[in-house]
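Here is what each chain is made of, one letter per residue.
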Amino acid sequence: MTVFRKSFDLDTREHEQIVDITERVARVVAESGILAGICSVFAAHATAAVTINENADPNIGVDFLAALGKMVRDHDGWLHDRVDDNAAAHVKSALVGPSETIPIEGGRLALGTWQNVFFCEFDGPRKGRRVVVTVLG
Amino acid sequence: MTVFRKSFDLDTREHEQIVDITERVARVVAESGILAGICSVFAAHATAAVTINENADPNIGVDFLAALGKMVRDHDGWLHDRVDDNAAAHVKSALVGPSETIPIEGGRLALGTWQNVFFCEFDGPRKGRRVVVTVLG
Amino acid sequence: MTVFRKSFDLDTREHEQIVDITERVARVVAESGILAGICSVFAAHATAAVTINENADPNIGVDFLAALGKMVRDHDGWLHDRVDDNAAAHVKSALVGPSETIPIEGGRLALGTWQNVFFCEFDGPRKGRRVVVTVLG
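Protein chains in written order, with my numbering: chain A, 554 to 690; chain B, 554 to 690; chain C, 554 to 690.
FYI, nobody ran anything at the bench for these hints, they're computed from the structure. Be aware that one or more of the hints could be misleading.
[Unchecked claim] Label-pair distances were calculated between CB atoms; the ranges are: (1) C/G660 to A/F561: 18 to 28 Å; (2) C/F561 to B/D638: 40 to 50 Å; (3) C/V636 to A/G681: 44 to 54 Å; (4) C/R683 to B/D573: 20 to 30 Å; (5) C/R679 to B/H628: 38 to 48 Å; (6) C/A609 to B/K559: 39 to 49 Å; (7) B/R679 to A/G630: 16 to 26 Å; (8) B/E567 to C/R635: 15 to 25 Å; (9) A/H568 to B/R635: 19 to 29 Å.
[Stated by the list, open to error] Straight-line distance between alpha carbons at most 20 Å, and here's what the computed DMTMM-like set of lysine to aspartate or glutamate pairs gives: (10) C/K623 to A/D629; (11) A/K680 to A/E567; (12) A/K680 to A/D637; (13) A/K623 to C/D627; (14) C/K623 to B/D629; (15) C/K680 to C/D638; (16) C/K623 to A/D634; (17) B/K623 to C/D634; (18) A/K680 to A/D562; (19) B/K680 to B/D638; (20) A/K623 to C/D629; (21) B/K623 to B/D638; (22) B/K623 to C/D629; (23) B/K680 to B/D564; (24) B/K559 to B/E584; (25) C/K680 to C/D562; (26) B/K623 to C/D627; (27) A/K623 to B/D634; (28) B/K623 to A/D627.
Beta carbons are placed, not taken as given, at the ideal position from N, Cα and C, and that holds for glycine.
Produce the entire structure from the sequences given, and follow the hints as far as they go.
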């Protein structure tokens, strides 16, 4: 059994943005040489998150951000807005969560046909958002 | 340390449905022979998810689907509905997430007394929904 | 590769409460002696959850609970309320989820600067809430 870890950084350009990181995660898995196991993807930020969904139609990411915007309204009396005007971003981050775990099969991410890995930016634009990929197998 | 992976398929009968997969996941853990470690449960679909909750009262699953239906309304101006009329299912899938990780103790899932593993169907009925169970330990 | 597992219990004092468990999780990681790998944190309850966010301003936890309260209203026609008057707590638990997976780097939790690990109580106060920490690496 081996552990292989690699981080990568990304810059976001919008206040809220879905970034498809499937290729970057897949490259770490390939580099690890691990054939069977799991891959943990972790966003090291309290105003970002990781999730998995379809990107064949990039509007799914747009709809996801819009839906979160309806669930968690900006400046809806949040106490943290008095300190740093981004409470809604923190709430969305905690709700979606920073980690996803994906099986590895035959040296590749065992994602379904319509699954891509998304980094979710809720408080951008920001430089140097860090994603930690850990492969065990 | 060993890796043991096994997938199983299930058919859903309703448009939205909670399927209790605890027994099927537990069988994979027993078959793995692994005594201590973790078990990753992964739904390989972009309109489904995995979560954990009580099934002693099956109405909890009904309430969960109803609550998601209030949070993410059908046809609420979603862009993806123009392509494939199931945007709300994708949003719910991304929100709940496809993966859960459960500890293994004494060769069994270390779930709490009231915890069951749920496959969540958001765009059924469908045949051949795949769940990937990976046991490491 | 080693597996190290340790559980700890905590008591909650409020009906809904965020408990910062970062220190307790970090102590398990230190005790494990594992230098590289992953740490799985699991709440063994169907009316609680684990998430990760900032605690420099504890009001973020307050805002998170308030936001969940807007998304999932108490006694909003939930069927489980007829059995046990805590359906909203179950829905929040299933939504946030009981598990998070955190990378281990240099023998420590590789959390971002603003990330803390939160135990979320949705149906307290309760004694003996159990958190299972499993370290693999």
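Subject >> Unmet hints by their number, sorted upward, for this structure >> reply: 7
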